[in-house]
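Asker: In case you want the letters, here they are:
Number of protein chains: 2
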Amino acid sequence: MSVRGKVLSVENMNPFVKNMEYAVRGPIVIRAGEIEQELSKGLKKNFTDVIRANIGDCHATGQKPLTFLRQVAAICTYPDVLLKDPNFPSDAKDRAQRILDGCGGKSIGAYSDSSGVRVIREDIARYITERDGQASDPDDIFLSTGASDGIKIIMKLLMTGQPGKERAGVMIPIPQYPLYTATIAEYNAYPIGYYLNEDKNWALDVNELKRSIDEAKPNCKPRAIVIINPGNPTGQVLTKENIQDVIKFAKEQNLFIMADEVYQHNVYAKGSEFFSFKKILTEMGPEYNNMELASFMSTSKGYMGECGFRGGYCEVINLDPAVRAMLLKSISAKLCSSISGQAVMGVVVNPPKPGEPSYDIFQKEKSTVLGQLAEKATMVTETFNSIEGITCNEVQGAMYAFPQIKLPQKLLEAAKAKGQAPDAFYCFNLLEETGICVVPGSGFGQVEGTYHFRTTILPPVEKLREMLGRFKDFHLKFMAKYS
Amino acid sequence: MSVRGKVLSVENMNPFVKNMEYAVRGPIVIRAGEIEQELSKGLKKNFTDVIRANIGDCHATGQKPLTFLRQVAAICTYPDVLLKDPNFPSDAKDRAQRILDGCGGKSIGAYSDSSGVRVIREDIARYITERDGQASDPDDIFLSTGASDGIKIIMKLLMTGQPGKERAGVMIPIPQYPLYTATIAEYNAYPIGYYLNEDKNWALDVNELKRSIDEAKPNCKPRAIVIINPGNPTGQVLTKENIQDVIKFAKEQNLFIMADEVYQHNVYAKGSEFFSFKKILTEMGPEYNNMELASFMSTSKGYMGECGFRGGYCEVINLDPAVRAMLLKSISAKLCSSISGQAVMGVVVNPPKPGEPSYDIFQKEKSTVLGQLAEKATMVTETFNSIEGITCNEVQGAMYAFPQIKLPQKLLEAAKAKGQAPDAFYCFNLLEETGICVVPGSGFGQVEGTYHFRTTILPPVEKLREMLGRFKDFHLKFMAKYS
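Chains as they are written, first to last, in full-length UniProt numbering: chain A, 1 to 483; chain B, 1 to 483.
I should point out that these hints are in silico values taken from the structure, not numbers from a laboratory.
Please note that the accuracy of each hint is not assured.
From the structure, some residues in chain B lie toward chain A, with a derived Cβ separation under 10 Å [unchecked claim]:
1. F16
2. G146
3. L255
4. M284
5. L319
SDA-like mimics (lysine to any residue), calculated; alpha carbons at most 20 Å apart, straight line [said to hold, decoys possible]:
6. A:K217 <-> B:N12
7. B:K156 <-> A:K406
8. B:K463 <-> B:T368
9. B:K221 <-> A:E11
10. A:K165 <-> B:K463
11. A:K84 <-> B:P89
12. B:K366 <-> A:G105
13. B:K366 <-> B:P460
14. A:K200 <-> A:G105
15. A:K152 <-> B:K18
16. B:K64 <-> B:E365
17. A:K165 <-> B:N12
18. A:K156 <-> B:V10
Quick caveat, the model's predicted, so the values are computed rather than measured.
Note that beta-carbon positions come from the ideal geometry of N, C-alpha and C, so glycine has one too.
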């Protein structure tokens with residue numbers, strides 16, 4: 001019998017699950033929920049609401065769903081009535097009918113092929129082809145439960161199944177989105193962290209890539225490199241040249257490229273442009289265009305922000321056909337991703353076209369969301385940089401800022417006395433004093449001795465302005481207290 | 001550089017993924033798809049359509065979705081308009097509003113808590129409490145992407161992270177649903193197969209449980225026992241006494257109980273009744289009622305058959321609180337399951353009540369589906385038993401029959417010459433001759449030297465009758481050919 005008479009204890013459970021960390025939903029977020037409970041019970045605080053800037057959850061912070069997208073999803077759900085409803089536009093009905101025709105029994109209640117509904121994969125391939133000016137094959141695409149699921153599926157294939165030095169090494173940016181470290185821990189792989197260059201707006205530096213892989217080689221078998229572009233939590237958008245450098249490095253080191261491109265619609269800064277890794281790699285010609293590459297996309301981000309539908313896709317090119325068969329087999333045990341999520345992904349890649357009845361309203365809703373995000377990106381960058389002791393790279397894309405905070409010695413000592421990381425100490429105090437919930441930089445990784453936090457730029461403009469005001473007051477008082 | 005210049009080859013990929021098998025979507029199903037393509041191109045065959053009896057995909061075989069369920073899901077998807085639509089009944093609107101009120105920003109496009117929308121978990125707890133006459137706690141429940149996801153999450157916790165003899169052993173029935181062997185292979189666990197007793201209508205025999213665990217103990221650390229009730233692929237419904245025996249055995253051997261109860265609404269036979277493992281274990285009193293138990297449920301089966309929504313839940317009781325925290329953490333890296341799937345699960349556990357406007361139609365639709373399934377269960381059992389060389393236990397529940405076929409020596413030799421398992425050889429011939437797609441027993445496991453196949457009972461009554469007719473003709477001719 002094990003501890004306390006239970007079969008399963010923390011001592012004997014899966015040690016790799018125990019090692020996982022996922023800061024975006026970590027202890028600070030649990031505390032935020034408790035504070036909300038306290039407020040709802042009438043407890044008096046310096047603030048009346050918690051502002052959840054910890055997670056890229058667009059609708060939860062007030063963004064409205066796109067009309068066309070929800071119309072198509074609703075018709076797919078209840079077609080017997082809504083396909084005939086005169087209040088629904090014809091293009092929404094056409095999209096829904098096209099998806100339903102691709103479903104077993106013409107119902108989104110049927111399982112799809114493991115890789116997803118065929119017509120949706122065809123629409124995704126067409127979208128990628130138009131985006132990149134390079135052909136895409138529906139058979140290279142599978143639908144996933146959000147991007148997270150696709151990332152885990154591909155990473156799983158790359159594992160060696162061996163312990164210790166024989167483990168697969170996976171290169172990840174530092175700072176990174178914690179799904180990567182969590183998955184690497186869960187799979188007992190070896191994380192090879194390469195630091196993004198904060199002084200160069202979080203660029204990838206090839207010398208740093210080389211340093212990190214060389215240091216890791218005695219400890220693992222490096223197999224893959226993860227790039228997040230536009231960056232999470234760092235908000236940078238990679239240049240074409242930077243992408244070329246990474247591809248050359250991956251070729252040289254024989255690495256599988258995992259391109260997390262879920263923020264491909266979220267580019268705000270003048271002069272910044274999204275280039276997919278596939279486009280650049282293909283354009284680099286015969287020496288590079290047969291490299292293995294997986295690109296991940298999601299319905300949760302962009303202008304649609306449909307997190308709850310858990311829609312996503314992965315395009316994986318140049319895979320050995322026998323490995324591709326194994327990939328399909330490994331997906332098939334999960335049967336398929338949610339068909340309503342697939343349908344939403346289908347709309348994102350096949351939006352209303354000029355001349356269709358929903359074109360104008362769709363474009364208007366889309367550009368409103370993206371316009372506000374651009375405005376908020378600027379507001380956040382400028383505000384943080386206006387505060388003494390804080391520096392923040394330009395939020396060129398994605399939905400986050402990752403400002404650096406200079407913490408005084410006395411504060412470091414106070415944090416140590418409390419047994420907290422200094423940035424966690426800072427963020428917990430911020431939460432208790434202002435109700436603002438952000439995630440400490442230590443949850444994403446940072447250069448030792450530097451301190452950051454990640455905030456989303458998602459709250460509505462006025463709310464965000466208020467949040468930045470509350471933040472600034474707190475910061476100045478808090479620094480004064482410890483200086 | 002690896003084989004053929006690829007980073008990833010079958011030789012160096014994750015060996016545990018390579019070992020996975022998933023017969024329900026295996027080679028015979030791929031061939032069925034090819035035949036459909038051939039038919040659509042006008043190729044002449046002995047039949048005009050493929051009957052897919054390989055997978056429990058209700059809507060794909062013609063079952064209609066339940067009106068109320070789809071109304072609620074549609075309103076949740078497009079509430080701005082449909083909450084005001086006079087064509088939708090008030091109880092559907094109430095259910096949708098209740099779910100939306102529990103969502104961030106009142107949108108199913110927001111992430112939920114990792115364990116799922118709170119009000120839906122409350123409704124599930126109420127459903128379980130009423131079903132069992134035993135209290136259920138919403139905090140013991142998490143929503144999952146179908147039942148498969150929940151099963152994988154719990155099994156993952158139980159892994160030791162050690163190789164060889166230190167691996168976790170998981171007891172599974174033979175025959176079993178292939179998700180279990182696939183997941184055990186993926187996690188590099190050790191499968192401890194216990195044979196169900198075909199002579200006693202697929203009952204669990206405690207002596208057989210003891211035999212299998214004793215034989216396995218030198219090879220692994222047994223940690224869990226999986227029971228599928230009602231049975232897949234075997235269609236039996238366990239008696240209360242049989243469940244008590246299994247619980248006593250699990251206690252004695254210190255095993256975590258994993259109860260796959262996704263077919264809890266699918267009980268047809270006179271005298272059969274569904275008892276949850278939780279109910280029985282709780283009623284067994286202090287010696288047993290603190291045992292760790294996970295029960296899995298799905299929207300994909302029952303009378304609703306909503307596979308594509310990927311809704312499901314897991315209730316896990318008596319977990320060490322520290323392990324429960326680890327469980328929640330491990331789910332949080334996937335963020336949450338699809339909210340539309342959660343909403344459908346919410347309707348299943350909170351259907352219209354007497355006096356509500358949708359009560360009558362809901363009851364009628366539900367009882368029609370279940371009545372037809374009962375009729376088909378009888379038809380399938382009786383037809384198979386009427387054919388010489390075939391025996392089939394009564395389909396008491398679930399959606400499948402698993403008949404045994406006696407194969408003549410000449411046929412075994414012919415199969416061997418083709419390099420196929422005899423039952424696979426049989427099923428491939430059945431498919432080519434009749435268009436009927438069923439899954440060979442070897443994909444589920446069976447006593448050595450016996451041969452079976454699994455067929456669903458899902459095709460509409462008339463189609464199923466036609467299928468059984470085609471089947472009988474084939475079987476008699478095929479046996480004659482090899483006798």
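Asker: With reference to the structure, classify each hint as holding or not holding.
Answerer: Going through the hints against the structure:
| no. | hint | verdict |
| --- | --- | --- |
| 1 | F16 | holds (5 Å) |
| 2 | G146 | holds (7 Å) |
| 3 | L255 | holds (7 Å) |
| 4 | M284 | violated (16 Å) |
| 5 | L319 | holds (7 Å) |
| 6 | A:K217 <-> B:N12 | holds (17 Å) |
| 7 | B:K156 <-> A:K406 | violated (41 Å) |
| 8 | B:K463 <-> B:T368 | holds (17 Å) |
| 9 | B:K221 <-> A:E11 | holds (15 Å) |
| 10 | A:K165 <-> B:K463 | violated (57 Å) |
| 11 | A:K84 <-> B:P89 | holds (18 Å) |
| 12 | B:K366 <-> A:G105 | holds (19 Å) |
| 13 | B:K366 <-> B:P460 | holds (15 Å) |
| 14 | A:K200 <-> A:G105 | violated (54 Å) |
| 15 | A:K152 <-> B:K18 | holds (16 Å) |
| 16 | B:K64 <-> B:E365 | holds (9 Å) |
| 17 | A:K165 <-> B:N12 | holds (15 Å) |
| 18 | A:K156 <-> B:V10 | holds (13 Å) |
Hint compliance for this structure: hints 4, 7, 10 and 14 are broken, all remaining hints hold.
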